[in-house]
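Student: One letter stands for each residue in the lines below.
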Amino acid sequence: MDLLGLGTVKQLAEGLAGLPMFPYFDTAHYIVSVMALREQPGALEVSRRSPFACWFSSMLYCFGGAVLSGIILAEAPVAPLANSTNVLLASLMWYLVFYCPLDAVYSCAAVLPVRLVLTGMKEVTRTWKVLGGVTQASKKYENGLFVMIAVGWAKGAGGGLISNFEQLVRGIWKPETNELLKMSYPTKVTLMGAVLFSLQQCRYLPLRTPDLMLIYTVFIVVNKTRMMLLGSSSSPFDTVESALYQTLFARPLTYSPLTNQSQSSTRTPSCPAKPDSKSAPGVSNGLPQTEDQPDCSESESSKKTN
Amino acid sequence: MDLLGLGTVKQLAEGLAGLPMFPYFDTAHYIVSVMALREQPGALEVSRRSPFACWFSSMLYCFGGAVLSGIILAEAPVAPLANSTNVLLASLMWYLVFYCPLDAVYSCAAVLPVRLVLTGMKEVTRTWKVLGGVTQASKKYENGLFVMIAVGWAKGAGGGLISNFEQLVRGIWKPETNELLKMSYPTKVTLMGAVLFSLQQCRYLPLRTPDLMLIYTVFIVVNKTRMMLLGSSSSPFDTVESALYQTLFARPLTYSPLTNQSQSSTRTPSCPAKPDSKSAPGVSNGLPQTEDQPDCSESESSKKTN
Amino acid sequence: MDLLGLGTVKQLAEGLAGLPMFPYFDTAHYIVSVMALREQPGALEVSRRSPFACWFSSMLYCFGGAVLSGIILAEAPVAPLANSTNVLLASLMWYLVFYCPLDAVYSCAAVLPVRLVLTGMKEVTRTWKVLGGVTQASKKYENGLFVMIAVGWAKGAGGGLISNFEQLVRGIWKPETNELLKMSYPTKVTLMGAVLFSLQQCRYLPLRTPDLMLIYTVFIVVNKTRMMLLGSSSSPFDTVESALYQTLFARPLTYSPLTNQSQSSTRTPSCPAKPDSKSAPGVSNGLPQTEDQPDCSESESSKKTN
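Protein chains in written order, with this note's numbering: chain A, 1 to 306; chain B, 1 to 306; chain C, 1 to 306.
Treat the hints as calculated values from the structure; they're not laboratory data. Among these hints, one or two may not hold up.
The list treats identical chains as interchangeable, and a pair is accepted whether it falls inside one copy or across any two copies.
[As the list claims (entries may be wrong)] With a straight-line cut-off of 20 Å between C-alpha atoms, the simulated DMTMM-like cross-links for lysine to aspartate or glutamate are: (1) 140 to 75; (2) 188 to 103; (3) 188 to 241; (4) 139 to 75; (5) 188 to 238; (6) 139 to 176; (7) 139 to 179; (8) 140 to 103; (9) 139 to 238; (10) 174 to 75; (11) 188 to 75; (12) 174 to 241; (13) 182 to 241; (14) 140 to 211; (15) 140 to 179; (16) 10 to 176; (17) 182 to 238; (18) 10 to 211.
This structure is a prediction, so every number in the text was calculated from the model and none was measured.
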């Protein structure tokens, strides 16, 4: 019975590994990506004002991963455009989601059961993209573990990682946040996948590629479905992240703003200590700092290193 | 008579195709580009404050196309600097336009007849740049129509396309607009040229290259001259754009903010509908949206796709 | 005696040229870079809020030169990650400087004598980076003097040149200033080094490479030490810059805002002259301009060139 079960799983893994993404899974990825763009604040506005900018944004949503991984590997970021069929398919999805008469396509696709299926299919393409990125990197950097992780991550979650610049295309600029400061669930799960596939590629993880693909795909599809059904934002990583953070990164600060001056003996007395860089132990302030420090040129210049 | 006329046109086309851009046409391009930079708000200020930043901006105006096409094709964006003669010539034009004693060069070049001639010559270089970009792309992507269009467009209108980042060099940041959201005439005419030359390169357009170069060059020079003489901003594309827009992109929206909640069944009731993404049919609001939606983490996270 | 002295200097030069940067000099570079990041406003805040963003910023500080020179030469900006040992070492320095119990590492390293030594060692790595960049460029562009200068400069001062984008990682956006508008001492001294090494590479400077390395290294180490000890921001370039500026770039403007309209005969009368682009002769206004000009579409469009 066990052997039969293992055999079935192996067959399933091989089957999944051989599954072609084009055209159904790719189409689902394009539809869901364009729908996600449409639901951004101001996107419909842009679609009326400048269909070209809207199309460009959609292409960044659909092919952002390929563009970003191309950039960081010094391969042409314009390369996705060479695949005319996929570009035409994505453009068709863009047109239907934004400009279909009676808004038929979006209304249908937004119905929960349909959306669930499409999103599940999109999650399947994530596995392919991460693996594709890791493989692409391994050809140029045979044992470059960090490079494989970076490229796999970029290829799988590129759309989110370049979100600040995609928003710029639509005339929106929000520098106070980005996917590194506040990682969304898709970005985290893609990073996890990139790490796993890179470790497996460098033979640190004793798993065959089809098996890892199956495990990872099942994990991300099940989680995504659960989060959509429950309307929950709690990611499965929260506990691990919290534990990691408490162990490695939560250090009580050793000084307060009041004692800062007496402790920072390297600062010129005429230059006020930087008050915003200290806070009471344990206080977490979620707001990013954007204020300027007074320009204490004498001591600042001598400390500037570049 | 007809044969003679055709023969003359053919000779003219061949003559134009063989015309060297260096040094006269390139010089005109550099002068007009630097003058355009000088006429930007705050540019003279920057030229006094930081001649280096001013020079860097001027180089982006002069070589922006080569830089951008290099970036998207993963060829060194620093390559234009390898052509020392052109760089020195452009730098000389920069110096003369910004710092010539008695402001002689700018004052002369700004006189309308002189400006007309220089701008006409600059428009001739546009043909070369677009064709150069299309050819460059066709070497790497033989039948990549979209890639050829993208590279031809970037090479011909790169300076405008990277305008947000060129302004950043001068300490200016205007994210609410860019050449995709609001295309200027030069960008549109270059896109049109890129499409024509790409179609011709892929043999969809039954024209010889010198003939297309002649037609396109005459068209852009005549139009530019007309617009400068009449002080008019009405581009020849307006009618076509309007018709295209009405046919393809002007759809009445099917719902209003009042009925939005009842229609958006996929949203968690606790999360308010996105009011800014709907507007009454036919209303066009030219302002880009920059407001934040309240962070409805429960439903938002589950919808985030990346 | 002279011969002995010259022989000693030659030996010193050869010795310096053969000095390995790894591990001590590289470590000093990483520690000083991460300390400089830590002393930025808001950096400690980011280290608590998002250790990943903090780590990413630190890597940009440590490897910014390699990343930027890779970008401009179309070599993979992700290449520094391939050197796993250096990445792990830099990450260790990042962790110790930001999260060491009792803040021990930062407190020790910030003590002036220790900081002096570390900064001196970091300055030594600057020579290697500039020379590395110049050599890297010379392989692709044999006599490309400007390319060598650009790449040497990028490799030696990349961290500062990309500072706007590094700040963006931490949620900070300050477009009104950048290293081109207001060059800091490290950026200037690196540019000087890039020019010298490029001239030497192209055989315009009759010096052997080890000798130039020795001269340059001694110069930058001595200056940096002097500036740190005296807490002074006055760079050794000030006099030269001032003289250059007065000779080449300080031209009295030939018109004032009052006469602007009568002088600018190319402008449509309905379009107001650009007041901010003129100022009284001799007045230097250090503030960058960010205001918009009223959109005079008629004359503006006809002048737009791209």
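Student: Look at each hint and say if it fits the structure.
Tutor: Status of each hint after checking the structure:
1. 140 to 75: both (11 Å within a copy, 12 Å between copies)
2. 188 to 103: neither (33 Å within a copy, 29 Å between copies)
3. 188 to 241: For residue 188 and residue 241, only the intra-copy Cα distance (11 Å) is at most 20 Å; the inter-copy one is 42 Å.
4. 139 to 75: both (13 Å within a copy, 15 Å between copies)
5. 188 to 238: within (11 Å within a copy, 46 Å between copies)
6. 139 to 176: Close neither inside one copy (36 Å) nor across copies (41 Å); limit 20 Å.
7. 139 to 179: neither (27 Å within a copy, 37 Å between copies)
8. 140 to 103: Neither, since 45 Å and 40 Å both go past 20 Å.
9. 139 to 238: neither (34 Å within a copy, 49 Å between copies)
10. 174 to 75: neither (28 Å within a copy, 30 Å between copies)
11. 188 to 75: The answer is neither: 25 Å in one copy and 28 Å across copies each exceed 20 Å.
12. 174 to 241: neither (26 Å within a copy, 31 Å between copies)
13. 182 to 241: Within one copy only: 13 Å inside a chain, 41 Å across chains, cut-off 20 Å.
14. 140 to 211: neither (25 Å within a copy, 37 Å between copies)
15. 140 to 179: Neither, since 27 Å and 33 Å both go past 20 Å.
16. 10 to 176: The answer is neither: 46 Å in one copy and 53 Å across copies each exceed 20 Å.
17. 182 to 238: Within one copy only: 13 Å inside, 43 Å across.
18. 10 to 211: within (7 Å within a copy, 62 Å between copies)
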